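A.B. asks: Chains as they are written, first to last, in the numbering used here: chain A, 1 to 133; chain B, 1 to 133.
Simulated from the structure, these hints should not be mistaken for laboratory data.
Nothing here was measured: the structure is a model prediction, and the numbers come from that model.
Every residue, glycine too, gets a C-beta built ideally from N, C-alpha and C.
Among the clues, some could well be false.
Derived contacts from chain B toward chain A, CB cut-off under 10 Å, selection only [to be verified]:
| # | residue |
| --- | --- |
| 1 | Val1 |
| 2 | Ala21 |
| 3 | Ala22 |
| 4 | Ala29 |
| 5 | Arg49 |
| 6 | Thr64 |
| 7 | Gly94 |
| 8 | Asp108 |
| 9 | Glu120 |
| 10 | Ala125 |
Residues of chain A clear of chain B, computed beta-carbon distances all greater than 10 Å [said to hold, decoys possible]:
| # | residue |
| --- | --- |
| 11 | Arg2 |
| 12 | Pro3 |
| 13 | Ala21 |
| 14 | Ser30 |
| 15 | Arg31 |
| 16 | Ser42 |
| 17 | Pro43 |
| 18 | Glu48 |
| 19 | Val53 |
| 20 | Leu54 |
| 21 | Gln57 |
| 22 | Gly69 |
| 23 | Ile97 |
| 24 | Glu105 |
| 25 | Glu112 |
| 26 | Asp124 |
There are 2 protein chains.
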Amino acid sequence: VRPFDVLVASHGPVAASLLAAAEMICGSASRAAAVSLEPDDSPESFGERLTSVLDPQRPTLILTDLNGGTPHNVACALARRGAAIRCIAGVNLGLVIEAITSDEELDDALVERLVTAAREAVVDASPSVAAHR
Amino acid sequence: VRPFDVLVASHGPVAASLLAAAEMICGSASRAAAVSLEPDDSPESFGERLTSVLDPQRPTLILTDLNGGTPHNVACALARRGAAIRCIAGVNLGLVIEAITSDEELDDALVERLVTAAREAVVDASPSVAAHR
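Whenever a hint applies, use it, and build me the whole structure from the sequences.
C.D. replies: Pasting the structure below:
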């Protein structure tokens, strides 16, 4: 059982789509949710929605779509107030899969492994590159 | 003007969501499209849909959600048959933004820069890490 919650936060439905795709591949995930910034949201209204799905009793990993974007900035502001919130920007499907299937404690080592996994999931698979190998 | 087309290919609506989010941030993009693998798709039906949006007269960059997933495998199979198709797996929002706003030729150097940009977009922004800097 994963000892932390996973939230994916994004511009529009990126977060919900990534979580649904990860569940299409890995099966249904408990204690994982998606929060979308809609065009008529303010940072405040988005922050209220993000707060409403945060369980203050649980360590929480927030995966955001873009460093410097509103979903990320709001998540980081919450993380500065909450003791056990970690944020990783630049989420891709590989990162969501690694996060929801983890069963480790949400500590520095896990965050570092997840960042590495997300980066290594970015692969140039062009035929010309493969031919050079 | 970008001298190549951009296709985003994914499980379900990840691709369309990422493209819509990138356009929410950067403005509308021409010659960019999203193709989704639906639960009732076969690799063949998905490949037909991907082929139908490919313009064989144009170099095309296909961004896929997951190395080894069906959207990626089908895109790579098309790339092996098409001269001017490049594939990068592990798409995140930063990569879509970099790709649709590029105005360079789709060559090895650009693909390498885009891979680097996508990896560098994955950032641990947790407060405890920031405090250590």
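A.B. asks: Please list, smallest to largest, the hint numbers that this structure does not respect.
C.D. replies: 1, 4, 5, 13, 22, 23, 25, 26
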